[in-house]
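Peer 1: Spelled out from the first residue to the last, the chains are:
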Amino acid sequence: MYIVKRFMTMILTIWVIASLTFFIMNMIPGDPFASDADVLPKEVVENMRAKYNLDEPVPVQYVLYLKNLVMLDLGPSIKSESRTVNDIIASGFPASATLGIQAIIVALFFGLLLGIVAALNHNKLLDNAAMIFAIIGISVPSFILSPLLINIFAVKFGILPVASWGTWQHSVLPTLALATTPLAVVARYMRSSMLEVMNQNYIKTADAKGLSTFKIVLSHGVRNAILPVVSFIGPLFVSLITGTFVIEKIFAVPGIGKYFVDSIFNRDYPVIMGTTVFFSTILVVTLFLIDISYRFIDPRIKLTSKGD
Amino acid sequence: MNHLLEVNNLEINFKTYGGEVKAVRDVSFHVDKGEVVAIVGESGSGKSVTVQSIMGLIPTPPGVIKGGSIKFQGKELLRASKREMRKVKGSKIGMIFQDPMTSLNPTMIVGKQIAEGLITHQKLSKQEAKKKAIEMIKQVGIPNPEERYNQFPHEFSGGMRQRVMIAIALACNPELLIADEPTTALDVTIQAQVLELMKKLQKDTQTAIILITHDLGVVAETAQRVMVMYGGIMVESATVFDLFENPKHPYTWGLLNSIPNLEGTEKKQLIPIEGSPPDLFSPPKGCPFAPRCKYAMDICLEEMPGDYQIDESHSARCWLNDSRAPKVEMPFTLEKEKTVTVGGESID
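Line by line, the protein sequences give chains A and B.
One point on numbering: in UniProt numbering, the residue at position 7 of the first sequence is 7, and numbering is uninterrupted.
One point on numbering: in UniProt numbering, the residue at position 208 of the second sequence is 208, and numbering is uninterrupted.
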């Protein structure tokens with residue numbers, strides 16, 4: 001029952017996002033053929049507009065668009081005629097997703113570790129060092145970090161390739177650049193959450209049982225401390241997996257971020273719509289999975305819809 | 001004679017931003033095998049800190065163990081390594097905490113929380129530990145133990161959770177059980193049940209118990225000896241019988257006098273102890289109770305009284321017990337209505 005209700009809400013959410021994007025997009029001045037209009041004869045431009053249904057009134061376009069969306073057809077790209085939006089996503093998404101998943105694994109693993117170590121050494125040297133690292137990680141933007149990484153690992157030591165995509169070596173630097181900020185954020189979340197948990201009475205109980213510190217931290221501390229971090233993972237996951245334009249640009253990764261940004265400059269309506277709807281679908285699905293995972297992390301949480 | 005637990009001249013401070021708090025000052029006591037010893041005193045008197053230090057549960061910093069010794073079965077615990085302490089904690093000494101609502105891990109099934117200690121100390125396999133844990137759940141009087149094994153703490157009531165805590169503490173058959181206000185957070189009927197259970201298990205297993213409580217009724221019903229703490233020092237120590245019959249410290253008098261009278265027909269006002277506990281940042285030079293004491297003499301404010309031995313098992317830290325002091329008797333007698341029972345006999 002919960003899952004059914006939740007599924008309906010997800011569909012509704014995606015519809016609202018799609019509609020909002022559609023109307024906001026139509027309010028931006030200009031259209032895909034604005035630059036062609038100066039060069040080409042009027043009739044040609046009008047023909048082109050007709051091909052993409054741009055001559056119809058906006059409400060009609062909207063209905064047509066929704067119809068296609070239901071069929072999972074995101075339409076053709078206006079700028080690169082030979083490709084559909086589905087093609088663009090299919091070609092760009094794998095690279096973005098690989099990079100994103102690698103980055104989130106790195107960010108979570110090292111972020112949690114750093115947070116736990118910092119919390120256990122509260123106000124000691126390790127804690128301070130970890131938090132200084134975290135603050136640097138949060139405040140240094142990726143477009144500064146990326147060239148730095150390239151300079152050190154690729155130019156000075158020459159152990160990793162500079163740019164492009166293909167082997168795993170190519171993905172190391174962009175993964176690092178992408179993971180640093182979320183890693184630092186996760187570390188700070190985990191530290192404060194862990195500090196709170198380690199002061200709870202049940203930790204004292206565990207200590208009084210004569211368990212080793214390792215066991216206390218692992219089986220009594222972490223699982224309780226991780227909940228606030230999990231709620232942060234959802235949006236983080238989506239932003240990493242759908243590619244960040246800056247990182248993909250600097251490291252020449254053939255990801256989806258480039259199309260997203262270019263499509264807005266080009267007023268490539270179907271691509272804007274397609275990528276947005278695609279992103280929001282991933283977001284909504286991830287949030288749903290996160291909510292389900294709460295149930296397994298904290299048994300006190302029951303998944304029920306209101307009134308059940 | 002060798003005591004099971006022997007605490008001598010224990011001194012514990014806490015470093016805070018406001019300065020160092022002297023939480024426990026020169027506390028000495030012992031517990032023998034199979035004995036139930038109660039520690040009473042108001043909040044902040046140092047009871048919990050004293051017993052937590054036995055288990056090495058005082059966080060350092062901010063806590064500082066200034067001096068003294070804690071010997072358990074002849075072994076010094078204050079100088080024991082972490083590894084050695086872990087062998088004692090949970091295995092030879094079990095502990096029950098005050099608040100059962102927060103003392104269990106909310107994300108772990110209770111059965112596992114009981115089994116954990118067994119796996120660690122008795123090297124049982126998971127299956128054996130599970131069997132023993134179910135047995136423990138049954139022993140503490142929780143119905144449907146197999147089913148309860150797999151439930152989470154939030155599925156238990158407060159009283160049931162405290163029973164689980166008792167099961168955890170007793171799982172490895174400890175020689176000593178420390179119960180830090182085990183019934184304070186429970187409502188009265190449940191209190192009685194939990195105490196009854198502890199008494200029964202104590203009889204069955206001959207585990208020695210240190211029972212911390214605010215409730216003199218509980219003391220009378222369960223303990224053989226009592227220690228009264230005030231302002232970080234132990235002001236009086238006696239058998240339960242002596243404490244109710246022949247208390248020697250004005251603070252104990254005040255405590256006894258303030259027991260509410262529930263059985264009398266006429267309404268009477270509660271008789272509190274006037275004043276408030278001492279500031280432990282800078283405890284008074286003399287007796288910490290002197291500022292509130294009706295019988296305080298000049299010396300009480302100047303110098304800490306020694307521990308006056310009244311008889312073999314009874315001592316009090318009060319100048320009134322000095323041979324030079326004026327003779328002062330307890331200013332009231334425990335009324336008939338305030339009858340408390342000690343081990344089945346009633347004391348008037």
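Any given hint could be a false lead.
As the list claims (entries may be wrong) - Chain B side only, calculated, beta carbon under 8 Å to chain A, not exhaustive:
hint : residue
1    : L57
2    : R86
3    : S91
4    : P106
5    : H121
Hints were generated in silico from the structure; no laboratory data involved.
Even glycine gets a Cβ: it sits at the ideal position worked out from N, Cα and C.
Peer 1: State the violated hints by number, sorted upward, taking the hints as numbered earlier in the document.
Peer 2: Failing hints: none at all.
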